[in-house]
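Each protein sequence line maps, in turn, to chains A and B. Sequential numbering of the first sequence, starting at 1, is according to my numbering. Sequential numbering of the second sequence, starting at 1, is according to my numbering.
Derived from the structure by calculation, the hints contain no laboratory data. No residue lacks a Cβ here, since even glycine has one placed at the ideal position from N, Cα and C. One thing to keep in mind: the hints can contain errors.
To be verified - In silico contact screen, one side only, chain B against chain A (beta carbon under 8 angstroms); selected entries:
1) L22
2) F26
3) I34
4) I66
5) L204
6) I205
7) Y206
8) K208
Here are the chains, one letter per residue:
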Amino acid sequence: MLRDITIGQYYPSDSPIHRLDPRTKLVITFLFIIIIFFVRYYTGYLFILAFLALIVILSGIPVKYILKGLRPLLFIILLTFFINIFFTAGETTLFTLWFIRVTKEGLRQAFFMTLRLVFLVVGTSLLTLTTSPISLTDGIESLLRPLRVIKFPSHELAMMMTIALRFIPTLLEETDKIMKAQMARGADFESGNLIQRAKAMVPLLVPLFVSAFRRADDLAMAMEARCYRGGESRTRMKVLTMGRLDVLAFASIAALIAAVLLNTYL
Amino acid sequence: MNKTIHMEGCDTGNSMTIKKILKLDFSARNAVKIAMLSTVAFVLMLISFPLAAIFPPFLKLDISDIPALLGGFALGPMAAVLIELIKNLLHIFIRGTMTGGIGELSNFLVGSFYVVPASIIYIINKTRKNAIKGLIVGIISMTVIACFSNYFLVIPLYQKFMPLDQIISSSPLPFVNDIKSFLVFAIAPFNLLKSSIASIVTMLIYKKLSPILHK
Numbered sequence: 001m002l003r004d005i006t007i008g009q010y011y012p013s014d015s016p017i018h019r020l021d022p023r024t025k026l027v028i029t030f031l032f033i034i035i036i037f038f039v040r041y042y043t044g045y046l047f048i049l050a051f052l053a054l055i056v057i058l059s060g061i062p063v064k065y066i067l068k069g070l071r072p073l074l075f076i077i078l079l080t081f082f083i084n085i086f087f088t089a090g091e092t093t094l095f096t097l098w099f100i101r102v103t104k105e106g107l108r109q110a111f112f113m114t115l116r117l118v119f120l121v122v123g124t125s126l127l128t129l130t131t132s133p134i135s136l137t138d139g140i141e142s143l144l145r146p147l148r149v150i151k152f153p154s155h156e157l158a159m160m161m162t163i164a165l166r167f168i169p170t171l172l173e174e175t176d177k178i179m180k181a182q183m184a185r186g187a188d189f190e191s192g193n194l195i196q197r198a199k200a201m202v203p204l205l206v207p208l209f210v211s212a213f214r215r216a217d218d219l220a221m222a223m224e225a226r227c228y229r230g231g232e233s234r235t236r237m238k239v240l241t242m243g244r245l246d247v248l249a250f251a252s253i254a255a256l257i258a259a260v261l262l263n264t265y266l
Numbered sequence: 001m002n003k004t005i006h007m008e009g010c011d012t013g014n015s016m017t018i019k020k021i022l023k024l025d026f027s028a029r030n031a032v033k034i035a036m037l038s039t040v041a042f043v044l045m046l047i048s049f050p051l052a053a054i055f056p057p058f059l060k061l062d063i064s065d066i067p068a069l070l071g072g073f074a075l076g077p078m079a080a081v082l083i084e085l086i087k088n089l090l091h092i093f094i095r096g097t098m099t100g101g102i103g104e105l106s107n108f109l110v111g112s113f114y115v116v117p118a119s120i121i122y123i124i125n126k127t128r129k130n131a132i133k134g135l136i137v138g139i140i141s142m143t144v145i146a147c148f149s150n151y152f153l154v155i156p157l158y159q160k161f162m163p164l165d166q167i168i169s170s171s172p173l174p175f176v177n178d179i180k181s182f183l184v185f186a187i188a189p190f191n192l193l194k195s196s197i198a199s200i201v202t203m204l205i206y207k208k209l210s211p212i213l214h215k
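Okay, chain A solo, but in the shape it has when bound (with noise of 0.2 angstroms):
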């Protein structure tokens, strides 16, 4: 059961905007994130779908591939429509059905917040289609540099989310085959009420827990054996360079920040 689940999102490819440096994809999308709730008119969300759309031409990625990345919001996708449209008071009514009053402005209020919530999914899941986890790891050590200065340990979280991503196919394939091995001996994950499925948990978490445990041991003695010594003077394989292509990047979140903001206050 457990292996059904896809677990990454990432879809490899060596497009223009799988090239850019990870730090300014993720600056670009908190930016992105911010800018989509300036939006006031319909106008500024042209400026928005151009944007994606341009993203999404550029990194190659199937829009078939994004959509399907949308099926498990659908009902929240529909549901924030049609209880926008029921919810919002309004003036014109364009019809009635039943005791349902359908206006003019929970019409419109309906598309809007629809729109909203969709240009944001798509948005941010652009940002972990097109870069994989241990770049994006790389991005956030990067970013989280100068919170050295409060004593953040940047280095060590790097470090500690890469080893987590290298030992999660692990771990859940290791869950999978516990699950099953109990299951074979008659424990039963998927009835009984909620004390009784919390019980259940353990004989699955003691295992994964232990086993879990005996890799750490394996890995840190490893590590040890080979003298690592934490974040200091440290070489890496990837050093993370900004180009031209990055400038280009900034220079178009720019340029969306600015005809969104032109859009609603003028």
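Since chain A is already given, all that's left is putting chain B on it; use the hints.
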């Protein structure tokens, strides 16, 4: 196999200062333990089940706080916070975020306010009684913080997508009709339940695991 004796987390006595409690030594061994506990937390996050009968569908019950609690008990509160942080960052990086990071931020905040008090109290004096005391304080702290963070941060942010009425009406209970009753009848009991389950399971497994945790 491994004969090195590590003394971290083994010192006892009530004379520990706050500074000493908060200190976390980033030896390779500790860092790897934290990384592994975060991995388990991430995996447990994937096996979450919604409780649509009593709670709104976006509140999903998972037991991913347990690894953070174990880490907190064994290595101190800083380790627990790091595990919560890494778990949520991994979730954003791998699964992508459906809420612009709001859901993950709220999970991190609420989870930290559960594991930190619990592990501080346990570390001061490592007895079974203190563990239970710590977990109860953690449960209360988590529930209170969940209400505050939802009222001031999460619900205002979610409101950017849907009217408040819809968030409130997503609770299947009929008498939930404003934000206060939503907090009291959806957010508070949900977090109470989530942390109680994590606490019970932790109490059931900690003793079995503590020998390997401290190795």
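For this session: Could you check the structure against the hints above and give me the numbers of any it violates, in ascending order?
Result: 1, 7
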